[in-house]
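Enquirer: Given the structure of chain F, go ahead and fit chain W onto it with the hints provided.
Listed below are the residues making up each chain.
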Amino acid sequence: MELEELKNIWHLQDKQDPFTINMQAMNNHIQRKKEKALHLINISELLLIVVNFGAGLFTILVNKFRPPSEMFLYVLGVWMLGTALYALLFRIKRTSNANKFDRSIRGDLDYAVSTATHQVKLSRIMRWNVVPIALLTTLVMWDGQKSILFVGGSIFFFALAFYFSGWEHNIYLSKKAALEKLRNRLLQEDLSS
Amino acid sequence: MKDSEQTQIFEKWLSRYKALMFKIVRAYARVSEDQQDLFQEITVQVWRSIPLFKGESAVTTWIYRIGLNTAIKWIRKERRQDEIERATARDQILVGNIVESDDRLSWLYDEIHKLDEIDRSVTLLMLDGLSYKEMSTILGITETNVGVKINRIKKQLIGKSKNYDYGT
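Just so you know, the sequences run in chain order F and W.
Per the numbering used here, the very first residue in the first sequence carries number 1; after that it's consecutive.
Per the numbering used here, the very first residue in the second sequence carries number 1; after that it's consecutive.
The set of hints was computed from the structure by calculation and includes no laboratory data.
Every value quoted in this text rests on a predicted model; they were computed, and no experiment measured them.
Incorrect hints may appear among the rest.
Short derived list, chain W residues pointing at chain F, Cβ under 7 Å [as the list claims (entries may be wrong)]:
| id | residue |
| --- | --- |
| 1 | Gln40 |
| 2 | Val95 |
| 3 | Leu105 |
| 4 | Ser106 |
| 5 | Leu127 |
| 6 | Leu139 |
Heads up, simulated DSS-like pairs for lysine-lysine below, C-alpha to C-alpha not over 27 Å straight-line [stated by the list, open to error]:
| id | chain 1 | residue 1 | chain 2 | residue 2 |
| --- | --- | --- | --- | --- |
| 7 | W | Lys154 | W | Lys54 |
| 8 | W | Lys154 | F | Lys175 |
| 9 | W | Lys77 | W | Lys18 |
| 10 | F | Lys15 | W | Lys2 |
| 11 | W | Lys77 | W | Lys114 |
| 12 | W | Lys160 | F | Lys15 |
| 13 | W | Lys12 | W | Lys54 |
| 14 | F | Lys15 | F | Lys100 |
| 15 | F | Lys15 | W | Lys12 |
| 16 | W | Lys154 | W | Lys18 |
| 17 | F | Lys93 | W | Lys77 |
| 18 | F | Lys7 | W | Lys77 |
| 19 | W | Lys77 | F | Lys181 |
| 20 | W | Lys73 | W | Lys114 |
| 21 | F | Lys175 | W | Lys114 |
| 22 | F | Lys175 | F | Lys121 |
| 23 | F | Lys64 | F | Lys146 |
| 24 | W | Lys77 | F | Lys121 |
| 25 | W | Lys54 | W | Lys114 |
| 26 | F | Lys100 | W | Lys77 |
| 27 | W | Lys77 | F | Lys176 |
| 28 | F | Lys7 | W | Lys54 |
Each residue gets a CB set at the ideal place from its N, CA and C atoms; glycine is no exception.
The shape of chain F in the complex, shown without the other chains (with noise of 0.2 Å):
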């Protein structure tokens, strides 16, 4: 076959309906779907500024109240405070980034591309932010006496989220690479044209 008879074969179906749309069920599924607006990635940049916002603002102020106030309970909770800062900073620069894309399809790739490097850079940093709350809450603990056994149990546990956080961030490697080269795939006769 030639290309021409391919594409009579093609329109074949444009004289024909494959399938009867059935608009009730349609206009149902775009109300409830126009309700649902956010992303995973929105609830999880969200999540992780109220948290540290939440726990940083408790934290300080339990300290401030419940004396005898701790030097290193206060640097923790400006610590959390600052992540807080740093998340909603970060969520900022992102979100102001989406109108930049077109809607070809290279633009929607570089655009997924752009959000898998945002999520690539957040889950880095946050895996590392662990060292220095761990660090701090051990220190809050030894200077408030606690037994050998809590600052093992504590230290332990910090340890577990740093090893998961790490699985975490390699799922976000492994998609971005997927996506990277989904694009490259998209471009690749450009380069060598």
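Expert: Same frame as chain F, now just chain W:
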């Protein structure tokens, strides 16, 4: 834009361009459940895109852009559906089964399914007779790149059709 106005445009586009959407759905999803899912996703994205449409390109080009982008994204997600979407899928937006009037069309879809997601888009646009310029706008790549891709896919399809001609 008012909701009623958006819905009116959407219904007009749907009745006029549903064949185009069906082609994308069939090129990217094989089984009925997946076709339902992808069709839902495409219609929602087309509906959402209406306020952004400024008339700078033809409606066909616009719907192709939205439809193909959605299909490529849908394949990437590997159908990660949440419970709401599963429930919606049971609503059966698409009714009816495909009865092919020509076996060669089934063969053509089978061949399209063997291509990767990017080449499927190029093939659809090529078979629908879009110009290099339109394809370049939809794909976001240069016309030269479009030409190179088309030549490769054309050769591949014509070569495989020879096997079909001989019934192998």
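Enquirer: If a hint holds in the structure, say so; if it does not, say that too.
Expert: Hint by hint, here is what the structure shows:
At about 6 Å, the closest approach between the beta carbon of Gln40/W and any beta carbon in chain F falls short of 7 Å, and the interface hint on this residue holds. For Val95/W, the shortest C-beta to C-beta distance to chain F is roughly 5 Å, which falls under 7 Å, so the interface hint holds. At about 6 Å, the closest approach between the beta carbon of Leu105/W and any beta carbon in chain F falls short of 7 Å, and the interface hint on this residue holds. With a cut of 7 Å, the hint placing Ser106/W at the interface with chain F is violated, because the nearest CB-to-CB distance is about 10 Å.
Interface hint status for Leu127/W: upheld, as the beta-carbon distance to the closest one in chain F is roughly 4 Å, under 7 Å. Checking Leu139/W against chain F: minimum C-beta separation of about 5 Å stays under 7 Å; hint holds. Distance check on the hinted pair: Lys154/W and Lys54/W sit about 34 Å apart at the alpha-carbon level, beyond 27 Å; violated. At roughly 31 Å between alpha-carbon atoms, Lys154/W and Lys175/F are farther apart than 27 Å, so this suggested pair is violated.
A distance of roughly 24 Å separates the Cα atoms of Lys77/W and Lys18/W; the hinted pair therefore holds under the 27 Å criterion. Only pairs whose Cα atoms come within 27 Å are accepted, and Lys15/F paired with Lys2/W is rejected, the gap being roughly 34 Å. Only pairs whose Cα atoms come within 27 Å are accepted, and Lys77/W paired with Lys114/W is accepted, the gap being roughly 19 Å. With a C-alpha separation of about 26 Å, the suggested pair Lys160/W and Lys15/F falls inside the 27 Å cut-off, and the hint holds.
Straight-line distance between C-alpha atoms of Lys12/W and Lys54/W comes to about 16 Å, which keeps the hinted pair within the 27 Å bound. Using a Cα cut-off of 27 Å, the hinted pair Lys15/F and Lys100/F is violated, with the two alpha carbons roughly 39 Å apart. With a CA separation close to 18 Å, the supplied pair Lys15/F and Lys12/W stays within the 27 Å bound. This hinted pair checks out: Lys154/W and Lys18/W have alpha carbons roughly 26 Å apart, not beyond 27 Å.
Proposed proximity of Lys93/F and Lys77/W is supported: the alpha carbons are some 25 Å apart, at most 27 Å. Using a Cα cut-off of 27 Å, the hinted pair Lys7/F and Lys77/W is violated, with the two alpha carbons roughly 31 Å apart. A threshold of 27 Å between alpha carbons decides the hint, and for Lys77/W with Lys181/F the separation of about 15 Å falls inside it, so the pair holds. At roughly 18 Å between alpha-carbon atoms, Lys73/W and Lys114/W fall within 27 Å of each other, so this suggested pair holds.
With a C-alpha separation of about 23 Å, the suggested pair Lys175/F and Lys114/W falls inside the 27 Å cut-off, and the hint holds. The suggested pairing of Lys175/F with Lys121/F holds, with an alpha-carbon distance near 13 Å, which does not exceed 27 Å. For the hint linking Lys64/F to Lys146/F, the alpha-carbon distance of about 20 Å falls within 27 Å, and the restraint holds. Distance hint between Lys77/W and Lys121/F is fulfilled; the C-alpha atoms sit about 21 Å from each other, no more than 27 Å.
In summary, the hint linking Lys54/W to Lys114/W is not supported, as the alpha carbons are separated by about 36 Å, beyond the 27 Å threshold. With a CA separation close to 23 Å, the supplied pair Lys100/F and Lys77/W stays within the 27 Å bound. Restraint check for Lys77/W and Lys176/F: satisfied, since their Cα atoms lie roughly 13 Å apart, inside the 27 Å limit. Between Lys7/F and Lys54/W the alpha-carbon distance is near 31 Å, which puts this suggested pair outside the 27 Å criterion.
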